[in-house]
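Could you build the full structure based on these sequences and the hints that come with them?
Residue numbers (this note's numbering), protein chains in the order written: chain A, 1 to 318; chain B, 319 to 566; chain C, 567 to 940.
Because the hints were derived from the structure by calculation, they are not lab data.
Check each hint, because a few of them may be wrong.
To be verified - Label-pair ranges, simulated between beta-carbon atoms:
(1) B:I493 with A:L122: 35 to 45 Å
(2) A:L122 with B:I447: 33 to 43 Å
(3) C:Y755 with A:I296: 31 to 41 Å
(4) B:D406 with A:M25: 43 to 53 Å
(5) A:M246 with C:E732: 29 to 39 Å
(6) A:D243 with C:E747: 24 to 34 Å
(7) A:R118 with B:I493: 36 to 46 Å
(8) A:L302 with B:I447: 43 to 53 Å
Stated by the list, open to error - A few chain B residues facing chain A, derived, Cβ under 8 Å:
(9) C387
(10) I392
(11) R393
(12) M396
(13) Y404
(14) A408
(15) L409
(16) D410
(17) D411
(18) K413
(19) E417
(20) E424
(21) P429
(22) F430
(23) L431
Unchecked claim - The calculated EDC-like cross-link candidates involving lysine to aspartate or glutamate, where the alpha carbons are at most 16 Å apart (straight line), are:
(24) A:K147 with C:E746
(25) C:K844 with C:D823
(26) C:K844 with C:E815
(27) C:K729 with A:D159
(28) C:K670 with C:E898
(29) B:K327 with B:D376
(30) C:K729 with C:D707
(31) C:K670 with C:D683
(32) C:K729 with C:D757
(33) C:K653 with C:E679
(34) A:K147 with C:E747
(35) C:K834 with C:E864
(36) C:K729 with C:D709
(37) C:K729 with C:D751
(38) A:K201 with B:E424
(39) A:K39 with C:E815
(40) B:K327 with B:D341
These figures come from a predicted structure and were not determined experimentally.
Glycine is no exception: its CB is placed at the ideal position from the N, C-alpha and C atoms.
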Amino acid sequence: MSPLRKWCARRSVPLLLLAVCLGLMAFLSVRTQSFFSLKNVVNILEANSYRLILACGMMCVIASGAIDLSAGSILSFSAIGAAMAMRAGAPVWLAILLALALGTAMGAVNGLIIHLTRINALIITLGTSFLYRGMSLIATRGIPITKLPQGFRDFGFGDVFGMESGVTMSFLVVLVLIPFFYHMRWGAYVTALGGNPEALKRSGVSTGRYRISVFALMGALAALAGIIITARLNSAEANAGLDMEMDAICAVIMGGTALRGGSGSLLGTVIAVFLLGLIRNGLTILSVSSYYQQFITGALLLCAVAAAELRERGRRTG
Amino acid sequence: MGETILSVKGIAKRFGHIQALRDATLEVARGSITALVGDNGSGKSTLIQILSGNLLPDRGEIQVGEACCHGLTIRRAMALGIRTVYQDLALDDCKTSVENIFLGSELTRGPFLDRRAMAREARRLLEEIHVEIPDLTEPVGRLSGGQRQGLAIARALRRPGELLLLDEPTAAMGIQESHSTLRLLAGLRDRGMTLLIISHNLHQVFALADYIYVLRAGRVLTGTATGDTTVDALQEQILRREREEDRL
Amino acid sequence: MKRTCALLLALAMVLSLAACGGTTADTTAPVSDTPAPQSEAPATETPAPETEEPAGMSETVQQLYAEFDAAMEEQIGPMPENYGDVKVGAVIISLTNAFWANMKDYYEAAAAEYGIDLDVQTGTTEGDTASQLDVLMTMADMDYDVIIVSPIDGTNLIPGIVKCNENGIKVINLGPGVDEEALADAGGYLDAKITVQFEEQGETVANDMIARLPEGGQVAILAGLAGAGQSEGRTAGAQAVLEAAEGIELVAVQNCDWDATLAYDATKDLLTEYPELKGIFCCNDTMALAAVEALASEGRNDVLVYGVDFTDDARAAIEAGTMTGSMSYSSERYTKAALQMAIMLNEGETFESNVYLPLTLVTVDNVNDLEGWR
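Spelled out as structure tokens, the structure:
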């Protein structure tokens, strides 16, 4: 096999998604005038910046053979922590650091519990998702914290390169993750946790450190997404990020990362987030009822997973 | 018998109601192939788990070279130069051959993985032990049993040290692959390595090992030089369990 | 027949009067030039407690609609005879909620009637503030002339409204209010606002209650969740009217958090403490129906119970006579008025102050005439 064909074969799912993306873009640009404007591209990037950040974290967690159902709750609680700190007079930078620290800590707690108890991550994070969401509700009594300082809004919503700052942040997250995930020990060990944790342990690597760190990263990224959402909406609320972890999981799986872990595709995740954003945007532009959005998302997810599975089976037998 | 590299004294291990090991005592001479034979449930695997640092014994003593201790952790065992090839091989099927060989001991340049150097080194290692894997960048899940065994051995050889533990190296392998694996092991001895092999295949053991220990019901019964015994005599010792148990 | 008309006319006058009062109190627009057209209507004119002869069903509703339209025209002005093409977008709260799913249908019917272009959009699920904003952000870059927004909460659509302002798209706020202070901080503004006034709902009920209690007596209010806008507004409106009335004694205002069980228990406690209780105003129908249950279990049928929302269950209770009345408004006219405002904004007209939807009190007297009320 030529190197090019091999490269393509290994990335068949992302490439397939890319093809769907391009097809959809072509269709939308023919059908509507407003689609192929720079403004609309910026719209799509802006609306999906925090989704991309969450999905990147989720990709690492899934590659490590786990899952995090508490990401949306972490997002909400860390944003509420920052908002409360600012209400109490804390400077903006401190509030942002606090949000990131809270997110990291909550994620680390997930990882620690999973490492110590060896109970399935699905169960543990289901539990902590209620726990963290409950903390948000208790802290706010269900009432959104609004009217946040301008400095905070500028950080998460300000103009950077003519776009909302979230876009730049999401790109930075991807750029930083590439070396960590693909070219450093951290990524090798995180994926080994998904592939064969026993092998990793027998190689003399402390698995707990990587289990905790991957969940802590997810928590920190959820907090960053929470900062962006809160700055955009100018309101920190207990319901923020509800079900957002599901969107993230959907994008990661659609992007070709297997739920059983062992490997992950950052490229596929990025393309899948973009594709899902494109669908939302296209439906809005075409004025199609949001009823169809979930249907289409589900159908696409099933197709992507089926394609990946069939390819894998073909390889095994062929 | 040459200089002793590993000596195990009175190791005992209990899991709940089951006494897996009662009194395991054996010695391994430098540069030799020592085999540990026994039926299923005789405690072979427990002993390997203890020697590789995966389990702590309840009692007993392990001496490796100059160092003497009661139990080992995985890291400590590695530091003492004990390298283990597990029965399940402990390979990550999602990773490539190169990545598996270097799992836990990656070559790096600064903070980054040095993939090129690792690929070069992996190719050299595999060539040295005559294991043929055409594409080192394919996930190992698709390789044959012999190739996977070769990879696991190559990974063990990557680590410093001269004592190699092998747990059932030819289990679930075809005849041809078994033979090449055995040749590979003999080749390692010729290069000065010390091997401790666990197996239940007496014929293979007989062809390969210099010393043979029989393990029965958690006890090491005898240690004999291969030349001083026969397959039938060993068989007899292993199978006498039932009667002996009755008497006990 | 004549008397029914008189009653409704009087009712409408009282309502619009209350609306005007509310406008001056509430508006954030610098100048409130809402005329007080009904100032000649004497405030003492209260609805007659009973009607003799029920009017034909469609006629009553037609009459109500006529009153409605008249009151709206008072605030909005007449529908322009000729108007140019206008493309309107509406961002509503959710399609998974029956109320808003109906609103979408009413919007589309109204747009068809006016012959204008309309798209109704929404976030994915109720409460998904972020995706509702995404939808508005996308629409702000499209070729809409006017966008009508109904935000999930006070702040979530603000960046989108600011973007509409920048792109020259007119913005109307329908229903749940945008936090105008936060909007102004973000550098944005609303071109118009049409909503229901919660104070007015409380005032109307209180007035009807007073009219039905010529001899006075003890009354109570069961409020919703403390701090919720609807609850606070309705309670304040009713409280002001009741406390000012001769012979009426407001003995309790209790928060029951929109919850039926809490309202049931509270009603029982009230009856124990104030056996002479004559009337209860509940801030929604769920609590009112619970109060009705509690009264029935005590064998009482002499206490007036009012609610808000005019749900199907409340309608049945009012028809059965166990509940006295419930506040209602026409969702159909709501959307029509909003679209009319959109057309007028596009024609260059402006709305200096908020538009409040005329409200209707449905009571045991007129409930049978409201077949076809939407």
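Let me make sure I understand: some of the numbered hints might not hold for this structure. Which ones are they, in numerical order? Of the numbered hints, 9, 25, 39 do not hold.
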